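Starting from the structure of chain A, add chain B where the hints point.
The lines below spell out each chain.
Number of protein chains: 2
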Amino acid sequence: MTIEKTNRMNALFEFYSTLLTEKQMNYMELYYADDYSLGEIAAEYEVSRQAVYDNIKRTEKILEEYERKLHLYSNYVVREELVEKIKKQLAENYEPDPTLFNLIDAIQEVEE
Amino acid sequence: MTIEKTNRMNALFEFYSTLLTEKQMNYMELYYADDYSLGEIAAEYEVSRQAVYDNIKRTEKILEEYERKLHLYSNYVVREELVEKIKKQLAENYEPDPTLFNLIDAIQEVEE
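Respectively, the protein sequence lines represent chains A and B.
Be aware that the first sequence starts at 0, since it is given in numbering that gives the first Met the number 0, and climbs by one per residue.
Be aware that the second sequence starts at 0, since it is given in numbering that gives the first Met the number 0, and climbs by one per residue.
This is chain A alone, in the form it adopts within the complex (with noise of 0.2 Å):
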């Protein structure tokens, strides 16, 4: 699997986490955030690789489902973007304003 796929998925796994099965959840943790192989998960929950593999193919698409449909993670892309122009137009032009900036590192922190 290409790094931009394990990239992808950790970060809609990052949004759409709570809407998956126990299940899901746990796969996706393995195969993605933990780098564990099928085979390692399917000997992990006693279970074949097939059935593993077809579990995860489902989930990534039940993630982009999410994705087309909510858009999360682009939004939280478009918002970071914004926030450090907004940071770098105060670094550039104005004092250190910490009330200022307390503010701008809160909006960061809404979703986390």
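Treat the hints as calculated values from the structure; they're not laboratory data.
Being a predicted model, the structure only gives us computed values, none of them experimental.
You may find that some hints are simply not true.
No copy labels: a pair is met if it fits in one copy or bridges any two.
Result set (DSSO-like, lysine-lysine): computed pairs, CA atoms no more than 30 Å apart in a straight line [what the hints assert, rightly or not]:
| no. | residue 1 | residue 2 |
| --- | --- | --- |
| 1 | K56 | K68 |
| 2 | K68 | K22 |
| 3 | K84 | K4 |
| 4 | K68 | K4 |
| 5 | K4 | K22 |
| 6 | K60 | K22 |
Chain B alone, transformed into the frame defined by chain A:
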């Protein structure tokens, strides 16, 4: 139904309507946004008043469940408050800066 309930359902609907079925969407929109009565919706769709009522009650639960898991609406409220505070801090302490103002406005428009 109370105005608080109506406002909350309209707000949750804004964030999660894409996760509902077409029927759930239609009933919720007619009942909460367009102020149709259960009887009027029932007549429009040629189903019983009870069927409309049950569908709406179930959809309300589904919306609250999504909010419990994803808190998009409560995050939005927190973010709006922060953006308003940032605007206030800028207005009270700095000369108008269109670049900054546009970037901050853009943050508010990401979800829309």
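These are the hints, each one checked on the structure:
Taking identical chains as interchangeable, the C-alpha atoms of K56 and K68 lie at most 30 Å apart whether they share a chain (19 Å) or sit on different chains (23 Å). Proximity of K68 to K22 under the C-alpha cut-off of 30 Å is found in both arrangements, the shortest distances being 23 Å within a copy and 17 Å between copies. Only within a single protomer do K84 and K4 lie at most 30 Å apart by alpha-carbon distance; the minimum there is 27 Å, versus 38 Å between protomers. In this homomeric assembly, K68 and K4 come within 30 Å of each other (Cα to Cα) both inside a single copy, at 19 Å, and across copies, at 25 Å.
Within a single copy, K4 and K22 get their C-alpha atoms as close as 20 Å, which meets the 30 Å cut-off; across copies the closest is 35 Å, which misses it. Within a single copy, K60 and K22 get their C-alpha atoms as close as 15 Å, and across copies as close as 24 Å, so both meet the 30 Å cut-off.
Figure legend: structure checked against the earlier numbered hints; every hint is met.
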